[in-house]
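Novice: Protein chains in written order, with our numbering: chain R, 1 to 524; chain C, 525 to 899.
Certain hints may be false.
[Claimed, not checked] With the Cβ distance kept under 8 Å, some of the chain C side facing chain R (calculated, not the full set):
#, residue
1, LYS755
2, THR756
3, LEU758
4, LEU767
5, ASN768
6, SER775
7, PRO859
Quick caveat, the hints were computed from the structure, so don't treat them as lab data.
The C-beta atom is built at its ideal place from N, Cα and C for all residues, glycine as well.
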Amino acid sequence: MKANAIEMIGITKIFPGVVANDKVDFSVAEGEIHALLGENGAGKSTLMSVLFGLYDPDAGSIQVRGVPVRIKSPNDATALGIGMVHQHFKLVRNFTVAENIILGMEPRTAWGDVDLAGAEKRVAELSTRYGLSVDPHAKIENITVGMQQRVEILKILYRDAEILIFDEPTAVLTPQEIDELMEILERLRDEGKTIVLITHKLKEIKQVASRCTVLRRGKLVGVVDVASASEAEMAEMMVGRSVVFRIEKAPHTAGGVVLRVENLTVLGPKGVPAVRDLSLEVRAGEVVGVAGVDGNGQSELVGALAGLLPVKSGRILLKGRDIASLSIRERIKAGMGLVPEDRHIHGLVLDFDLDENLVLKSFRDAPYSGLGGFLDFRAISKHAADLIGQFDIRAGAGPSTPAKSMSGGNQQKAVIARELDLSPDLLVVSQPTRGLDVGAIEYIHRRIIEERDKGRAVLLVSFELDEILNLCDRIAAISKGTIVGVLDAKDADERRIGAMMAGMRMDQTQSGTAADTKGGVHAL
Amino acid sequence: MRSKREAGFQDRILDLFTSSDALVSVVVVLLGFAVGTVLLIMVGRNPGDMYSAITQVLSGYDLRSGVWNARYIGEWLVMSTPLILCGLSMAFAARTGLFNIGAEGQYIVGLTVAQFVALYGPQVAGLHWMLAVVLGMMAGAFWGGIVGALKAKYSVSEVVATIMLNYVAYFASRFLTQLIPGANTYRTPSFSQTARLESPFLMALTNGSRVNYGFYLAIVSVIVFWVIIEKTRLGFSLRATGLNKDAARFSGINVTGSIGGAMAISGAFAGLAGAIVALGSFSYGRVLGGYDNYGFNGIAVALVGNSTAGGTGIAGLLFGMLNSAQPLMQSRQIPKEITAIISGLVVVFISLRGGVRMLLEWRMKELARKGRVTE
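So here's chain R without its partners, still in its complex pose (with noise of 0.2 Å):
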């Protein structure tokens, strides 16, 4: 075995009333792709910011190639020959590849102005040395996620990284731009670069990890050769118990329409339509995934079906009623339930009790009010009891518990909680899993399905392809704020839907799923 490329030693990190890593060890061998594998809130960020100068340990040494470092900055970690792609992107969107490359450290001509011929010269030869096909005159904002991220790798090739840190990379990548992002990081590996992988995909580890590291709430867990582990196996170590991957659900009969979404457009933030022209159909009784890469226009979706933003052309018709003019309040009351993206912006008031806000809906209706417009306290507290009960919410000070006190799972079973209760036709489902763990994911899983079961419509849009191919009956897959195509589960699969996501539209592959002539619309 090769010397260590890094060497961490008893890291401990500690943020306010949270120990982040509790004396982690990790070691990663030069010239291996080593993955770092935990849970969202594991400590896996946390470890790689402490080995990129962004945080200071409380305790624990580092080395690098054998010698110990102390590593105060991002500089200093530069200067080691460290490296780190994040999952958000640090780019200048009217800037070239290459301005953006040489951007903090501009080579100059002899006449003293910015060398950027010379730039764009090696900026090329990398590319070609890696194979990452890119062009260094391009603009990023006319390029692709894909390649945005490549000019991430570039950038700290450009600056001599022998290590890269690669932060949650397919997050943000289509299955395609995956399988893509896989073969570099094999690339980079046979050139001699030493890779550190941070993800929660087992799928991807299997592919390109020699080993893994795995972390659970701030602590090792052990460190396991990939080839001989199974991903049950890392799975397990993960979460702390054996994992169930695909959730049980019987055939469904899909009853009549519920919502149909005709012709929508919905300006995004910049006055830009962000969802365009866009059609579907949920039926009573089944689940429809809108699959797609974040940015696409799922969350104007969202926001115009709660009413959050305006309708600018098309229909919203709730069981045959245009909802698209009225109140947020008006929805609600015509049967639509949502569970919003983000449960701290949207889901719930964090300063409110847990009771206060399993009402936030409700609190004007009886019996939680009554004459007078005085609120009944008590009905109040007993529905949150039973809605603890039934929910499974794990709540210290039961009904009167702080939101904010709450693990984000049992906040999250909390705004379901909410949703359900009333009982809607319709229940929209936003990226309902973020951030949650294993077990968390399969309960909000588990009622998603009974939902569908109980004969309602419900329609889920999430980043995350394997929660879509697991829940949903039909699939539409969503790209640059249209749907492209609409294909049934079991004709589904990630080739298939990852090609649509990139903006592919499905010819008459499927039966039932031709393409309009109006820009994606769909006969369902």
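Given the coordinates of chain R, assemble chain C onto it according to the supplied hints.
Specialist: Below, chain C without anything else, positioned relative to chain R:
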């Protein structure tokens, strides 16, 4: 958590500090007095004199001469009334997530309207003052409501709008009051007796102080505040809006309506304060020569009272006590500035709550470093 059980006395105090806002206020007030006491000793005065002045305000009992005079208690309550009401005004807005720095303007509008009604209203016993009080309150509500409407409709910052409207109210009040026949540069003719808030009963009880029906109205306001905020649908909507506007809107609460309504109710409290000062403490209309500052002091009152009904009431009484103890202190050779220093310190210390939290977090880290925190 293990650390909690093992934590020492010091940590338990810190825990309390971060968990109970009311306790923080109490400690902060005591701390303010402690520093004030030290300052007095440093300038060579006897702090006992300060406390005897305070005792006299609170109990009416002069420790030096042994004479009891309930009038001091009455004057204390008179001084506290507008502070409590302006504190409620600030607190009500704060609970809805708004910063109403315009209580001063709403106070002036209420005061001015009440003066006009006192001079021109129907001189019917009972009806006259009630009408003046109600219209003063409504004027304050209107003045606050303008700000609420601007904020809700056009996203105009309520801070800027209220500051500007304070000036509008002040100069408009001066201009209009001076137009009254018989008015000079500082006062109008006297009101009819029917417009006065005088309470013969309270006066008799407090040996002829100026304490009046206004104090009853302040108590009622504290109760109304509490009921609206804590017990009603309206209060629930307002609190939800104040704590998380996005979630409130998402849940179908009319957020713009909440903002407008909250500012109007907030303004009504300040307008009531204005009416009470106009009709309770004076027998003629004043041409204002400057801000009375009750509105601004209300901000400090609400801050110390944690924007709760009871807290604001008690904080109003505290600040009223400091204000009315001033002249007594002066007569005892205590510099009157000490009261301003104490109330200033109290506000500064209250604002340091965030600092106390940081201290707690630092303590936790220290514990963890020693390996006492495991999970």
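Novice: Are the hints correct? Go through all of them and say.
Specialist: Right, here's what the structure says about each hint:
Annotation: interface hint on LYS755 (chain C) holds; nearest CB of chain R at approximately 6 Å, less than 8 Å. A least Cβ separation of about 5 Å between THR756 (chain C) and chain R falls short of the 8 Å threshold, and the interface hint therefore holds. For LEU758 (chain C), the interface hint holds, the least distance from its beta-carbon to any beta-carbon of chain R being 6 Å, beneath 8 Å. Given the 8 Å rule on beta carbons, the hint for LEU767 (chain C) holds: about 4 Å separates it from the nearest Cβ of chain R.
For ASN768 (chain C), the shortest C-beta to C-beta distance to chain R is roughly 4 Å, which falls under 8 Å, so the interface hint holds. Of the supplied interface hints, the one on SER775 (chain C) holds, with its beta-carbon coming within about 4 Å of a beta-carbon of chain R, less than 8 Å. Given the 8 Å rule on beta carbons, the hint for PRO859 (chain C) is violated: about 42 Å separates it from the nearest Cβ of chain R.
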